[in-house]
Amino acid sequence: MSVQAQAVDPTPAAGLSRRSFVGWVLGGATLVTAADLTLGRGVARASVPSGPQVPELYDLEDLQTDAALPTSQLITVTMNDDGTASFELPRMEVGQGITTSTAMIIAEELDIDPGQVKVGLAPARPELIFNQLTGGSNTTVSTYTPIRVAAAIAKGALLDAAAAELGYAADQLTTRAGVVSAPDGSSLTYGELASKAASPRTKQVDVELKKAGDFSVIGTARNRDDALLAVTGRKKFIQDLHVKGALPTMVCRPPTLNGSPKKLRNKKKILRMPGVKNVAIVDTGVAVRAKTFGQCIDAIRAMDVVWNPGSVEGESDRTIMARLKKAELPLAVPDVPVLADQVDTDFEFMFRSSAALEPNGAIADVRDDRATIWAGLKVPILAQENIAKELGMSIDQVTVNVITGGGSFGHKLFSDHAIEAAKISKKMGKPVKLMWHRADEPRQGRLHPMATSRIRATMLAGEVLTFEQRNTSVVTDFSHGLGEIITSTIDEAPTEVGRTLGGLGFSETIFTLTQELPYDFGVVTQLLNETDDRFNTGSMRNIYSPDTAVAAELTIDQMAAKMGKDPLEFRLAFLKDDRTKAVLEKVAKEGNWGRTMPKGMAQGIAIHKEYKGSTACLVEIDCRPRTVDRDIYHAVTGPRVTKAVFAVDAGLVINPRGLEAQMMGGFSDGLALTLTSSCHLRNGHFLEASWDNYFYTRQWNIPPEFECHIVDSGTDQPGGAGEAGVPSSAAAVACAYARATGTMPKRFPINHDELSFKPKSFVPPVPQSPRDGLKYTY
Amino acid sequence: MPKQTFIVNGERVTVKVADNVRVLWVLRDLLGVHGPKYGCGINVCKACTSHINGKAFNPCSVRVGDLERDDEITTIEGLPDTVGKDLHPMQEAWIDRDVPQCGYCQPGQIMAATALVNKVHAEDREITEADLDTIRNICRCGTYNRIREAVKQGASKM
Ligand code: FES
Ligand code: FES
Numbered sequence: 001m002s003v004q005a006q007a008v009d010p011t012p013a014a015g016l017s018r019r020s021f022v023g024w025v026l027g028g029a030t031l032v033t034a035a036d037l038t039l040g041r042g043v044a045r046a047s048v049p050s051g052p053q054v055p056e057l058y059d060l061e062d063l064q065t066d067a068a069l070p071t072s073q074l075i076t077v078t079m080n081d082d083g084t085a086s087f088e089l090p091r092m093e094v095g096q097g098i099t100t101s102t103a104m105i106i107a108e109e110l111d112i113d114p115g116q117v118k119v120g121l122a123p124a125r126p127e128l129i130f131n132q133l134t135g136g137s138n139t140t141v142s143t144y145t146p147i148r149v150a151a152a153i154a155k156g157a158l159l160d161a162a163a164a165e166l167g168y169a170a171d172q173l174t175t176r177a178g179v180v181s182a183p184d185g186s187s188l189t190y191g192e193l194a195s196k197a198a199s200p201r202t203k204q205v206d207v208e209l210k211k212a213g214d215f216s217v218i219g220t221a222r223n224r225d226d227a228l229l230a231v232t233g234r235k236k237f238i239q240d241l242h243v244k245g246a247l248p249t250m251v252c253r254p255p256t257l258n259g260s261p262k263k264l265r266n267k268k269k270i271l272r273m274p275g276v277k278n279v280a281i282v283d284t285g286v287a288v289r290a291k292t293f294g295q296c297i298d299a300i301r302a303m304d305v306v307w308n309p310g311s312v313e314g315e316s317d318r319t320i321m322a323r324l325k326k327a328e329l330p331l332a333v334p335d336v337p338v339l340a341d342q343v344d345t346d347f348e349f350m351f352r353s354s355a356a357l358e359p360n361g362a363i364a365d366v367r368d369d370r371a372t373i374w375a376g377l378k379v380p381i382l383a384q385e386n387i388a389k390e391l392g393m394s395i396d397q398v399t400v401n402v403i404t405g406g407g408s409f410g411h412k413l414f415s416d417h418a419i420e421a422a423k424i425s426k427k428m429g430k431p432v433k434l435m436w437h438r439a440d441e442p443r444q445g446r447l448h449p450m451a452t453s454r455i456r457a458t459m460l461a462g463e464v465l466t467f468e469q470r471n472t473s474v475v476t477d478f479s480h481g482l483g484e485i486i487t488s489t490i491d492e493a494p495t496e497v498g499r500t501l502g503g504l505g506f507s508e509t510i511f512t513l514t515q516e517l518p519y520d521f522g523v524v525t526q527l528l529n530e531t532d533d534r535f536n537t538g539s540m541r542n543i544y545s546p547d548t549a550v551a552a553e554l555t556i557d558q559m560a561a562k563m564g565k566d567p568l569e570f571r572l573a574f575l576k577d578d579r580t581k582a583v584l585e586k587v588a589k590e591g592n593w594g595r596t597m598p599k600g601m602a603q604g605i606a607i608h609k610e611y612k613g614s615t616a617c618l619v620e621i622d623c624r625p626r627t628v629d630r631d632i633y634h635a636v637t638g639p640r641v642t643k644a645v646f647a648v649d650a651g652l653v654i655n656p657r658g659l660e661a662q663m664m665g666g667f668s669d670g671l672a673l674t675l676t677s678s679c680h681l682r683n684g685h686f687l688e689a690s691w692d693n694y695f696y697t698r699q700w701n702i703p704p705e706f707e708c709h710i711v712d713s714g715t716d717q718p719g720g721a722g723e724a725g726v727p728s729s730a731a732a733v734a735c736a737y738a739r740a741t742g743t744m745p746k747r748f749p750i751n752h753d754e755l756s757f758k759p760k761s762f763v764p765p766v767p768q769s770p771r772d773g774l775k776y777t778y
Numbered sequence: 001m002p003k004q005t006f007i008v009n010g011e012r013v014t015v016k017v018a019d020n021v022r023v024l025w026v027l028r029d030l031l032g033v034h035g036p037k038y039g040c041g042i043n044v045c046k047a048c049t050s051h052i053n054g055k056a057f058n059p060c061s062v063r064v065g066d067l068e069r070d071d072e073i074t075t076i077e078g079l080p081d082t083v084g085k086d087l088h089p090m091q092e093a094w095i096d097r098d099v100p101q102c103g104y105c106q107p108g109q110i111m112a113a114t115a116l117v118n119k120v121h122a123e124d125r126e127i128t129e130a131d132l133d134t135i136r137n138i139c140r141c142g143t144y145n146r147i148r149e150a151v152k153q154g155a156s157k158m
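From first to last, the protein sequence lines are chains A and B. The first sequence runs 1 to 778 under the UniProt record's numbering. The second sequence runs 1 to 158 under the UniProt record's numbering.
Just so you know, not all the hints are guaranteed correct.
[Claimed, not checked] With the Cβ distance kept under 8 Å, some of the chain B side facing chain A (calculated, not the full set):
no. : residue
1   : Asp19
2   : Cys40
3   : Ala47
4   : Glu77
5   : Gln91
6   : Trp94
7   : Gln101
8   : Gln106
9   : His121
10  : Arg125
[Said to hold, decoys possible] Covered stretches of chain B, going by a simulated chain A footprint (3 or more residues, C-beta under 8 Å):
no. : segment
11  : 2 to 9
12  : 24 to 36
13  : 61 to 74
14  : 114 to 120
15  : 142 to 154
No lab work stands behind these hints, which were simulated from the structure alone. Treat the numbers as computed from the prediction; the structure is a model and nothing was measured. Glycine residues also receive a C-beta, built at the ideal position from the N, C-alpha and C atoms.
Using the sequences and the hints given, assemble the complete structure.
Okay, here's the thing in structure tokens:
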């Protein structure tokens, strides 16, 4: 693996954003500064260029950024007496590295070492409204400027204080590594100045941000700030917290999806089991609190529960797919000359689990008059509201603490775990440390919805005349707050955009805001229709884009073949966007596109444009029988991607090392989506119960060679990273597979039809831990 | 209630708990040793990987009653002590290669990697791509390629 990061272009690109802002020094004994971006906000997006698709004018990133603006002024930077700066990030860290990149942004403006910046996670703060949603890879996009402004004001205040102390004008002083120096060599540290720089009253100040050409921290590779904690086992996840009396708690869940408990027949017996302390029935199942989680598992397995039916009794993949097919929007018969060539394709995407390795969990201590919750949450404000509602309390009686999460991928946008823990704690009258069993995750947890994608393209005389894409999906749940953001923000979007989106539901709106096909394909339409809201769904490291990209890029390969063109040549000829072309050319060159491969092996190439940036991926896949059938103990093997070359233009890059890590992770996800990972619905329940059933990418699937190239297009605004790696990766693997085998796959993942495991029991709903672990030491 | 005695990270401990409770819960819930993580409880995710008498094992799948008095369990917290340093070379390689994302799988990854390298070195050979393919630990953040690099780098210092 290698990483190449070009230096940030010192000459600002066209569309340069402003550098002059207004902010605040807050009154108090310590120096606290705040950014206020509602003053003099630019109108950069007011005019509508001629592009046909909404995201080119205004995309999900813009919407989330605009939604965050009115509350940005509440973002503050504090200077401490020991020379460090503190900042509470109103976002959740789940592995994306945003605390590291935020420290870098602050360090840049303040001229201190990023190690001197302490970034914590803010607990639920209702006044922040929608500034507290971590999703859509939006964190850096929307917080970049406000954080810089607050940090720059802090530096200004320190300089003013130093000027008074050292007897020079502020503009004669210089700052470096947390020290202010005067021309005569005298100096003061930020720590010495921190309280002197504080203001007794709140005052408004003007500030000028650093020029990109002067950056010395932003754009340099930096390791994660919490790596040492992670590798020593000292990083604390929710289950590692100690809250007095919060004993291990698990839930015996219904045998079918969304069933509910009617009655526990053997409560007395369960309460007599070793370690068991409390049992309580809640709407999602029968909860048990015990001295150890192992004893919770034993109790769950011994429970004799009468269950109410679930939400999809008797249904299977096949019946749900049939419903989707019925709901598919018709493809228009395009109004094109009869001689035009037509390519029609049709794809199916199965249910997939967004579960992280850290299972759902939360600590709750609910008392008569107050409740305290600890959980990994991306939308803590909404969790606080929901918990208050559930407990019949007012919002200020509920405290919600955000804990760093062990991965999210869309899972932690919802507060299911926190609400469930609160209900159980209330019912038991005890603090609880709730953990979902692994089996609960694919079986009752949130899934990426099953979907279909149909495409019809027409071509004539070397031109593409039309490209229609129709996605049909099981309903995606957006009740985590993004939906509300849309309704409250869409009014402020440019009028043309508002007109297009008015009257659409949340999902259609998000689809329209995210999907952009950057090709000159004549009349392009991409539409979404949804049906069936009986499932627990959510986004999964992206919302629609991986499926849409797989379908589009596979179809594009077919179109290229029909025109007798090479996939790369065809894409370069039709791409209308220079940034996307640049990343595509980069992978083609670095990955040696077009080299001859043995029969059964092939290259695949694909692009994606979203998150204010572009990505391209080139892979080589080995589909020869001896590879596909290679034997690895208890493993799903299948085709092996032997090499992946990835290129990303994510706008202004704060931390290239972090960006590369996100692309690598996104690639692992894309690989799994195309080749191996899905959930099977049979007879009202999902069969998968653990990692030996749900085949997320493993070491034996990963390409031994992985390269990530960062391409700089000179923009001065950061783009999103967390989800950007997935779509082009999934699509490139699919295209390579089609070329290697000579058959275009139509159902994803490609191994879905073959059930390669024996389903674990549904009653009891969790497997017992083996006892033979000592047989497998090495 | 039976008393269970064994050694954790160099210290002899005695816990009152039933024989059939798995070692993972004794470590995490009773002794407060939180380095080994739960990810499945059935010996497939490998997030709980630790060492017993110097070899990798998965405490979610061993009953505490099956431990002997002199069995030495090492979790990620005790790994540096096995080389008498602040950090084991594998941990250093992990930091140098900036492997962790969410970090949840990483204690288990590092414990598995050190045992694998010890095994390969005991066979008097260097670690190969095929050896790396045998690592079963799941990383849901998908840090696999950096793990591969870090294992090779760590191995060169072991
Ligand atoms: S928790 Fe032990 S292997 Fe998964
Ligand atoms: S770093 Fe998150 S699971 Fe591996």
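A quick look at each hint next to the structure:
no., hint, verdict
1, Asp19, "10 Å, violated"
2, Cys40, "4 Å, holds"
3, Ala47, "6 Å, holds"
4, Glu77, "5 Å, holds"
5, Gln91, "5 Å, holds"
6, Trp94, "5 Å, holds"
7, Gln101, "4 Å, holds"
8, Gln106, "5 Å, holds"
9, His121, "13 Å, violated"
10, Arg125, "15 Å, violated"
11, 2 to 9, "violated (count 0)"
12, 24 to 36, "holds (count 10)"
13, 61 to 74, "holds (count 4)"
14, 114 to 120, "holds (count 3)"
15, 142 to 154, "holds (count 8)"
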